[in-house]
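Enquirer: One-letter residues, chain by chain:
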Amino acid sequence: MVIDWEPFWLTLQLAVIVSAILLVIGLPIAYWIAFSRSRLKFLVEAVVALPIVLPPTVLGFYVLVALGPRSPLGRWWIALTGHTLAFTFSGLVIGSILYSLPFAVQPFAASFSGVDRKLMAASATLGASPLRTFVRVVLPLSIPGLIAGTALSFAHTMGEFGVVLMVGGNIPGVTRTVSIDIYDQVQASNYAAANQTALLLLVICFGMLSVVYGLNRRTWLFSPGR
Amino acid sequence: MVVYGSLVTSSMPRQSTVQDTKQEPGDRAQAPADSGHNLESQALQAKILKKLDAFCLDVEIAATPGFTIPFGPSGAGKTTLLDCIAGLLTPDTGRISLGGRVLINAAEHLDLAPASRSVGYVFQDLALFPHLTVEQNVQYGLAHLSRPQRQERAAAALDSFRILQLGKRHTKEISGGERQRVALARALVTDPKVLLLDEPLAALDTATKSRIVDDLRRWNHAHRIPILYVTHSRDEVFALGERVLVLDRGRIVAQGTPHEVLEAPLQETIAQLAGFENIFDAQVESVHEDRGTMRCRLTGITAGTPVELETPLVRAELGSPLRVGIRAGDILLATAPPAGLSARNVLAGRIATLERRDVIVSARVDCGVEMEVHLTLAARDSLALTPDKDVWLVIKTHSCHLMRN
Numbered sequence: 001m002v003i004d005w006e007p008f009w010l011t012l013q014l015a016v017i018v019s020a021i022l023l024v025i026g027l028p029i030a031y032w033i034a035f036s037r038s039r040l041k042f043l044v045e046a047v048v049a050l051p052i053v054l055p056p057t058v059l060g061f062y063v064l065v066a067l068g069p070r071s072p073l074g075r076w077w078i079a080l081t082g083h084t085l086a087f088t089f090s091g092l093v094i095g096s097i098l099y100s101l102p103f104a105v106q107p108f109a110a111s112f113s114g115v116d117r118k119l120m121a122a123s124a125t126l127g128a129s130p131l132r133t134f135v136r137v138v139l140p141l142s143i144p145g146l147i148a149g150t151a152l153s154f155a156h157t158m159g160e161f162g163v164v165l166m167v168g169g170n171i172p173g174v175t176r177t178v179s180i181d182i183y184d185q186v187q188a189s190n191y192a193a194a195n196q197t198a199l200l201l202l203v204i205c206f207g208m209l210s211v212v213y214g215l216n217r218r219t220w221l222f223s224p225g226r
Numbered sequence: 001m002v003v004y005g006s007l008v009t010s011s012m013p014r015q016s017t018v019q020d021t022k023q024e025p026g027d028r029a030q031a032p033a034d035s036g037h038n039l040e041s042q043a044l045q046a047k048i049l050k051k052l053d054a055f056c057l058d059v060e061i062a063a064t065p066g067f068t069i070p071f072g073p074s075g076a077g078k079t080t081l082l083d084c085i086a087g088l089l090t091p092d093t094g095r096i097s098l099g100g101r102v103l104i105n106a107a108e109h110l111d112l113a114p115a116s117r118s119v120g121y122v123f124q125d126l127a128l129f130p131h132l133t134v135e136q137n138v139q140y141g142l143a144h145l146s147r148p149q150r151q152e153r154a155a156a157a158l159d160s161f162r163i164l165q166l167g168k169r170h171t172k173e174i175s176g177g178e179r180q181r182v183a184l185a186r187a188l189v190t191d192p193k194v195l196l197l198d199e200p201l202a203a204l205d206t207a208t209k210s211r212i213v214d215d216l217r218r219w220n221h222a223h224r225i226p227i228l229y230v231t232h233s234r235d236e237v238f239a240l241g242e243r244v245l246v247l248d249r250g251r252i253v254a255q256g257t258p259h260e261v262l263e264a265p266l267q268e269t270i271a272q273l274a275g276f277e278n279i280f281d282a283q284v285e286s287v288h289e290d291r292g293t294m295r296c297r298l299t300g301i302t303a304g305t306p307v308e309l310e311t312p313l314v315r316a317e318l319g320s321p322l323r324v325g326i327r328a329g330d331i332l333l334a335t336a337p338p339a340g341l342s343a344r345n346v347l348a349g350r351i352a353t354l355e356r357r358d359v360i361v362s363a364r365v366d367c368g369v370e371m372e373v374h375l376t377l378a379a380r381d382s383l384a385l386t387p388d389k390d391v392w393l394v395i396k397t398h399s400c401h402l403m404r405n
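In the order they appear, the protein sequences are chains A and B. Note that this note's numbering has the first sequence beginning at 1, numbered continuously upward. Note that this note's numbering has the second sequence beginning at 1, numbered continuously upward.
A hint or two may mislead.
What the hints assert, rightly or not - Below are the DSSO-like pairs computed for lysine-lysine, each with C-alpha atoms no more than 27 Å apart in a straight line: (1) B/Lys209 <-> B/Lys172; (2) A/Lys41 <-> B/Lys51; (3) B/Lys168 <-> B/Lys209; (4) B/Lys172 <-> A/Lys118; (5) A/Lys118 <-> B/Lys389; (6) A/Lys118 <-> B/Lys47; (7) B/Lys51 <-> A/Lys118; (8) B/Lys47 <-> B/Lys193; (9) A/Lys118 <-> B/Lys209; (10) B/Lys209 <-> B/Lys193.
Note that these hints are calculated values from the structure, not bench results.
Construct the entire structure; sequences and hints are all you get.
Expert: Structure, rendered in structure tokens:
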């Protein structure tokens, strides 16, 4: 039996792109959550955490509406590219970013909050701007949290189903990810193929997480013990 | 009643406190003889009001180049004071200037960021960057310089604190004393205009401490800046020896030289800080101006014979109330009636309790009042002291410190 590698390749691409983008946009959000003294902080924290409790179909539905041709974002995208965002790989990326946001932001924010404030104060009295303090002190001391957040958002995207189905549909090579492929095979009573694909996904995800957490344990050794 | 008029207290007009400092700028013992610097132009002046949950810091200070020692119990506001100067806390109202440059002026909504204040700060827990080497820690504040300049400056700073050889080590791989030196080098390499030290040597043994203080003094000899050295250790106050500010519950309760403030205290809070184990209410019985002494009767004794002490002369009226403070370590203890002594106070009594504390023995002696006396272990053993033994206490006139009631 020949394994159809296309859904794997697509899922991997999606997970890499989503976790990379989340690393970039998650850092400022996490910084704000960790260090802001705003009274509205609880609201932002609640919004970021929403995807954890919402059924993926609810999230997927609203993302679909927001990306559709009737929304301002959808119209702007059509004007820009000539086609709609829904049922495309780009739409899938946007939906997945929202869906995995808490899995990146929460570990980031937790590790930023864990950095000794005295170190940040010391950096400031030594003439460093808040940005320099962030880059030279907060980030290096948060590496375990950054790795954990990126690994979680990667793994979460690898395994997502509901949002993908709502936003992306099931277009081979474009939006047909591994989880949809498995669902499809089960629907077609093709259990042997479903088992093979599912087992492979399990092995790949387990292998990746093992490598990431293994590396993370090593980084703990030169991060602060306190 | 005025006792030892040399003290400046918080009850005096605030303006005069600053004035005093202007007239006799700092302790000039360390100032280079040829120093042409105008000390005023390097001074730190701060008037701060900061309300926190537990207390309110309300102080006005002026610190000239050399050591100024904020001294007081924990919770007195010492660290809050330093944090306000460094810009880590914003005072509710106030004004802080450093060498004529205004760091914060609440009235004008001027508030410089910590990074722009030219303040060197050594935190109580040092706050060395754990992910950087010693060298990288020291170079951290020199980001505006080129790499060779950074290396040169950092090497010079490490060298002046005798830790050049540790440059490549991580901060976790070095000893406590070495870590203190790294923290000092890191703060001083940036050429700050004021140095804030928050009990930086509290955790060190005396020998290491005094070597580091010597190096700091040597450094300050070449770079004359105000150094605020926070401590709650009386020994450190005397070791550093310059100007001390006594803080209690957010206010300055006294300031002056350690001798002025701690040896002849006016206020009981200072007395307790300065280590007076024995404090008694007393009344002036007789004044002997010709001899420079007076006799005070301890009050509050209900039974037995009254206890009188000969004390130094202060300006006080007959019968006026005051308090007498005597350090437990200043009292001699004898097991037979002593004779031929210069000390004027000999009190007969009986040992109530003996308690060992670390390397000293604290004896409580009932001699009409209960007095605490500190002895060495060897003294206890050679005198075969036990509870209920009859003893005589010997107290010199000048070991009796008088304070305002």
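Enquirer: All hints are to be evaluated individually against the structure, with a verdict given for each.
Expert: How the hints compare with the structure:
1. B/Lys209 <-> B/Lys172: With Cα atoms ~20 Å apart, B/Lys209 and B/Lys172 stay inside 27 Å; holds.
2. A/Lys41 <-> B/Lys51: Holds: A/Lys41 and B/Lys51 sit about 25 Å apart, inside 27 Å.
3. B/Lys168 <-> B/Lys209: Between B/Lys168 and B/Lys209 the Cα gap is close to 24 Å, so the pair holds against 27 Å.
4. B/Lys172 <-> A/Lys118: holds, 17 Å
5. A/Lys118 <-> B/Lys389: violated, 55 Å
6. A/Lys118 <-> B/Lys47: holds, 24 Å
7. B/Lys51 <-> A/Lys118: At roughly 21 Å apart (the allowed maximum being 27 Å), A/Lys118 and B/Lys51 satisfy the hint.
8. B/Lys47 <-> B/Lys193: holds, 18 Å
9. A/Lys118 <-> B/Lys209: Holds: A/Lys118 and B/Lys209 sit about 23 Å apart, inside 27 Å.
10. B/Lys209 <-> B/Lys193: The given pair, whose Cα atoms are some 24 Å apart, holds under the 27 Å limit.
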